[in-house]
Structure formats: structure tokens, C-alpha cells
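Colleague: The chain contents come next:
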Amino acid sequence: MFPGAGRGHGSKALPDRRLRCLAWQTGVAVSAILVAWYLASNAAGNLLDLGVASGFDFLLREAGFEIGESTFLSYNAADTYLRALSVGFLNTVRVASLAIVLSTLLGTYVGLARLSNNWLLAKLAAAYVETIRNVPLVVQLFFIYVLITENLPPPGEALNPIAGVFLSNRGIAFPILALGTPVRLDYPHLSGFDFTGGGSLSPEFATLLLGLAFYTAAFIAEIVRAGLLAVERGQLEAGYSSGLPHAQVMRFIVVPQALRAIVPPLTSQYLNCTKNSSLAVAIGYPDLVSIANTTINQTGQAIEGFTIIIVVYLAISLTTSGVMNWYNRRFALRGNRP
Amino acid sequence: MLRMILALSAVALAFFHTVTVHAQATARAVTKKGFVQCGVSTGLAGFSQPDSKGEWRGIDVDLCRALAAALFGDARKVRYTPLTAQQRFTALQSGEIDILSRNTSWTIARDAGLGINFVGVNYYDGQGFMVPKKRNIKTATQLNGAAVCVQPGTTTELNLADYFRAKTMKFKPVVIEKLEEVLNAYFAGRCDVYTTDVSGLIAARASRATKAADHVILPEVISKEPLGPAVRHGDDHWFDLVKWSLFAMIDAEELGLTSNNIQQQAKNANPVVQRFAGASGEFGKMLGADRRWAYNIIKQVGSYGESFDRNLTPLGVDRGFNKLWNQGGLMYAPPLR
Chain C
1 MFPGAGRGHG SKALPDRRLR CLAWQTGVAV SAILVAWYLA SNAAGNLLDL GVASGFDFLL
61 REAGFEIGES TFLSYNAADT YLRALSVGFL NTVRVASLAI VLSTLLGTYV GLARLSNNWL
121 LAKLAAAYVE TIRNVPLVVQ LFFIYVLITE NLPPPGEALN PIAGVFLSNR GIAFPILALG
181 TPVRLDYPHL SGFDFTGGGS LSPEFATLLL GLAFYTAAFI AEIVRAGLLA VERGQLEAGY
241 SSGLPHAQVM RFIVVPQALR AIVPPLTSQY LNCTKNSSLA VAIGYPDLVS IANTTINQTG
301 QAIEGFTIII VVYLAISLTT SGVMNWYNRR FALRGNRP
Chain S
1 MLRMILALSA VALAFFHTVT VHAQATARAV TKKGFVQCGV STGLAGFSQP DSKGEWRGID
61 VDLCRALAAA LFGDARKVRY TPLTAQQRFT ALQSGEIDIL SRNTSWTIAR DAGLGINFVG
121 VNYYDGQGFM VPKKRNIKTA TQLNGAAVCV QPGTTTELNL ADYFRAKTMK FKPVVIEKLE
181 EVLNAYFAGR CDVYTTDVSG LIAARASRAT KAADHVILPE VISKEPLGPA VRHGDDHWFD
241 LVKWSLFAMI DAEELGLTSN NIQQQAKNAN PVVQRFAGAS GEFGKMLGAD RRWAYNIIKQ
301 VGSYGESFDR NLTPLGVDRG FNKLWNQGGL MYAPPLR
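Chains C and S, in that order, are what the protein sequence lines are. Sequential numbering from 1 applies to the first sequence in our numbering. Sequential numbering from 1 applies to the second sequence in our numbering.
Hints listed in this document are in silico derivations from the structure and should not be mistaken for laboratory results. Any given hint could turn out to be false.
Covered by chain S, per the in silico footprint, the following chain C stretches (three or more residues, Cβ under 8 Å) [what the hints assert, rightly or not]:
no., stretch
1, 46 to 57
2, 86 to 100
3, 187 to 194
4, 241 to 255
With a straight-line Cα cutoff of 27 Å, these simulated BS3-like cross-link-like pairs (lysine-lysine) come out [as the list claims (entries may be wrong)]:
no., chain 1, residue 1, chain 2, residue 2
5, S, Lys-32, S, Lys-77
6, S, Lys-178, S, Lys-53
7, S, Lys-32, C, Lys-275
8, S, Lys-285, S, Lys-299
9, S, Lys-53, S, Lys-138
10, S, Lys-172, C, Lys-275
For each residue, glycine too, the CB sits at the ideal point set by N, CA and C.
Assemble the whole structure, with the sequences as input and the hints as a guide.
Modeller: Structure follows, in C-alpha cells:
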């Protein structure tokens, strides 16, 4: 609408347009609901015709299978599918959140290294980014997994680089603080097939964590580099000419402005990292998708299983982007961009 | 990824298609497209695995070929869909495949809960354990605390948990989806034990170990695993056709009929053989197939015994339970009459 283009028409057209918009939106909403209803009822009808069970009742039935690792929840084969899926969910959260932290640290460092005046460092960083970014993640996972399982000795001949730390093809076993009085260190020791006591990380977890961290870091490095380069050179020069040392120019002038460019694409990388953790199934880490797959196969309820996977990933992703958007808004408000 | 796409497309199929199940629908559709779409494994020696020329071989493959021979008079009219343990039932339910012939254990949960019907048994198996010989393990009761390599979505995974629970022993499962990768993990020493059906253990040992004698299969067989083909619910005619293709192979062995002698034997005056070869009786018509359906199966694919000898015997698999009923085994097919 042109401002002031005939008030008489405008006052008349405006309710019309609002009405049209409302009609359109109602129309879209109603057809979306109808399509969803049609799909759901058709699927339910087909399943009924085929004699396939449906519904979420299976969640409270006994799962009957074991899970390799469960950190936060105790689990055994007599527990329910719901608990098994919860273990998978927590395993996903565990590996994804650690991978996000590691990849952010590594990615920032590599991004800075690419901008370094040190020729060798800059080239090494560039080589890292180009290699990792251009090889499929699942191939990298298999590669790391083979490196770990083929190269490390069996538990009986475990490497012992530091007292109490054992590296073998069963993973890494290390001492942990045992709470109690007095507080003491709980050391792992070999008993039977494997180490018991202390803490441990499985080869599958280590593979997935390293793979995700390396892979995501390569993308984050580019985002960090782009963000830093986006800060006008004049800003730096102004900083230096007002006598600030390099560190302060970076901290007070460059980084706050770069972060505005960095945070939104960084959010997508965090989401990708979480979603990529579903490649766990290839190397045998019991994440949500792996457990849900087993559940689908044991119960035959594929639609319900996939619905659970979709809803959980959606919830994780929306939470992640919610937090990141909040962080981004804080930064956007603080700066005073011309 | 492929697994995901297949499973999702199956889910999509359930959403969009109206599944029509009425008499003879499957056979008609198969005849129209000109081949049987056969769901097989992603590669299990002796059961279903492509050979060096890329042709699928194995006793599960032979069953699909027998079906094509009965339906088309040509055992080559089969196309194969390799499926992981997890994809298989969805692929069958959604109509991606016409028959699932993929070393699949017949259980009540599957037969009654998944909308599929098991047709019969083409291999009586049981779950066992394999360990490296140098570990000096003699019995499964010594496995407390072991790391066990296993494929997901199988009865194997459940039997394993049941067995260790019953013995109040602990174990750490290493659950890897692809057979290739789970075997890599075992042979690299990531696990102390590999568990699957004994036939699978033998096949893995024969085809993958650097030296087969370095691995021993423990004496305990912890489950019954009757392996056999399955079809979708609701098409009894197709169910019959698959069932009798299997029975014809077993009956042929009992009658002493083979791919080499059936042409000769068809001239035999023995009425049982006459019925089998289609010279008398209307069995082909009842099944909606050619009158020489059974003759074609044996001529082109062979009897159950021939299939076994061709595919499993070279791997070192003993007939064991899979001998004919009159030779002390469990293989027993209803008569063709």
C-alpha cells in the first residue's frame, strides 16, 4: 500500500484484507489438520488390516535386551522399553553435549590458527579443515573405531601410561574419586574379561565423541574465521591507534562484534552435531536411535518408534536453538552497531 | 542411511497406500511384473550371499528360485532385496518384497504380532557362542563378565539376555547393526564372544577367520531357532504357493528325485513320482501354477538335500537336525497328494 493513497479506500480495504488473511490462514490450518487426520487414520486402518499392533502400550512392557553402557540410569534386561529408550536418550545427550563443548574449543582454536601469521600453523589448520570437512562422517567413525580396536591390546596386556590408567581394546579405564569417608581414589583392576572398578569409557563412546568433535570442529573453525574476518579492519586499526594492546583489541573490540556473526551459524552446527550422533548405530554405541531401532524390531511398531525418535530430536533441537537464540539476543542488544 | 530410508519409506507406504489384501492379489501382481521380489540377508554364507559373479547363492535364495520356477517355469525370474535384521519385517509388511527368505526365526511374537505368516522351516538352528581358541574357554558358564558381539533386532539379542539372566551372570553387549562390522569387531578382539545361530557362527568362521581352527564354538546351544520364509497376512493363495514350493523340495529328497534324475524319473511308473512330476493330478491348477510346477522346481533348483549340499556342506555345516525325518532328522513335509 502506498502511504496516504486515498484514505477513503484504505479504511475500507483494511478490514477486507484482514478478513482475507484470516480466511487464508484458517483454510491452511484446516487443510493441514485434514491431511494429518487422513494420514493418521489411513495408517491406523492399514495396520489394522495387516494385523499389526499399534499404540504406545509396548513402552511399559519388559524390554528383554541388554544395553552396553548406561551412565545415569541403572538398567537391566528386566526393565521396560520406556527405561531402555530413556537410557538411549541420556546416552545421546551425553555424547552430543560433550562433543559440542569439545568441538567449540577445538574449532575456535583451529579458526584462529587459520588466521595466524605463522605460515605453518595456518596451513596445517587449513589442511585439517579441508580434509575433515570433505570426508563423510560415517567413514571417519569407522576409521577411528578400527584404529582403536585393532591397535590397542586386549585387556590382559593393557597399556598403562599413567599409574591407574589402562588403555585396551575395551576402552580406557581410569581411577575415580569414591565418595565416602575418607574420600579416596577408586582404581580400576583387571578381573576376568575386563577391568572393574574406577571409571571407564568404551571404544564406541570414544569413537563417536572424537568423530563428532573433529568433524563439527572443522565447520566451527570456518564459522569462527568468517566471523573474525567480518569485523571491519578499521575497527582494529582504531583500537591499535588508541594504544590498546593486541589482547584487549581482540577482547573488547573484535570478539564481541564477531560473535554476532558467529552465533547464528554456530547454532546450526550444534544441531547438526546432535543429529549426527545418530550415526552411533554404525559403530555400536547405544544412543537413542540404536535403542529405538532395536525396540522397533522387537515390537514391530515402526511408526511409534519413529514418532518417538522424531519428537525427541525435535525437543533436543528446539531446546538447543532456544538457548542459543537467547544468548544471541543478549549479544545483539549489548553492542551498539551503527 | 539406506536402512533409514527404507524404513521411512515403509512408514510412508503405511500412511499413503491403501493396502489391498484379497485372494490371489500377490500372485497376480507378481505375474504381472514378471519376477519375484525376494528379501534376503545382506550376506550370510550358505543362506544368502552373492558369489564372485554377483549371483545370489544359498538355501534361502534357492527357495525364492523354487518359487519363481513354480510360478513362471523359470528359476531366474527373481530379484533380490538385501535387508538388515531390522528392515526385514517392515519391508515385507509394506509390500516392498513378496517373500522374506532371510534366515529368520519363527516365533509367536513375529507370527502373531507383525502381520506376517511363517510358511515353514528350511533350517533348524539354535543359538551358540564362538570364542577365540587361545582364551581356553570350554563352556558358556565361564563367560561371566564377557563382552559379547551381537547384531541388533534379532531373537539372538533377547536369548542372550535371557541366558545370562537365568545363570545370574553379567555381560556387556556390543551391538552393531551390520554383519560385516560386527564380525570385524569380534575378529579385532573388541569382544570376547560372538553369538548368533550356530549355522551363522560356522559360516562366519569359514568365511572370515584367518584360520578357522583358531575359533571354537562352545557346546551350549541356548535356543531353538527354526529358520524359515515368511509372507504377508491375508493372501492365503500366495501362502500356499510358497509353502508347497518348500515342501516340494523336501518331498523330492525323500523320493530320491534330483535335478539330474528328474527327467528320467518322470517316466517312472511310480504313481507318487507321476503325481510329483505333474503327469497326473491337478495340483498345479489348485495352486494357480503350471501342472509341472514341482518338476520345474526340482529340474532347475534341485531337492532340499541338493540345495543343502551345494550351499552349506562346503562350509562344514553338518546336516544334524536338518536330516529327513526318516533318517533321524526333523525335515518332514506333508505329502503331495
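Colleague: Evaluate each hint against the coordinates.
Modeller: Right, here's what the structure says about each hint:
1. 46 to 57: holds (count 7)
2. 86 to 100: Since 0 is below three, the answer is violated.
3. 187 to 194: Three-residue rule met by the stretch 187 to 194 of chain C, so holds; n is 4.
4. 241 to 255: n = 0 at 8 Å, threshold three: violated.
5. Lys-32(S) - Lys-77(S): holds (12 Å)
6. Lys-178(S) - Lys-53(S): holds (22 Å)
7. Lys-32(S) - Lys-275(C): violated (42 Å)
8. Lys-285(S) - Lys-299(S): Judged against 27 Å, a Cα distance of about 19 Å means the pair holds.
9. Lys-53(S) - Lys-138(S): violated (40 Å)
10. Lys-172(S) - Lys-275(C): holds (26 Å)
The structure does not agree with the numbered hints 2, 4, 7 and 9 stated previously, though it agrees with the rest.
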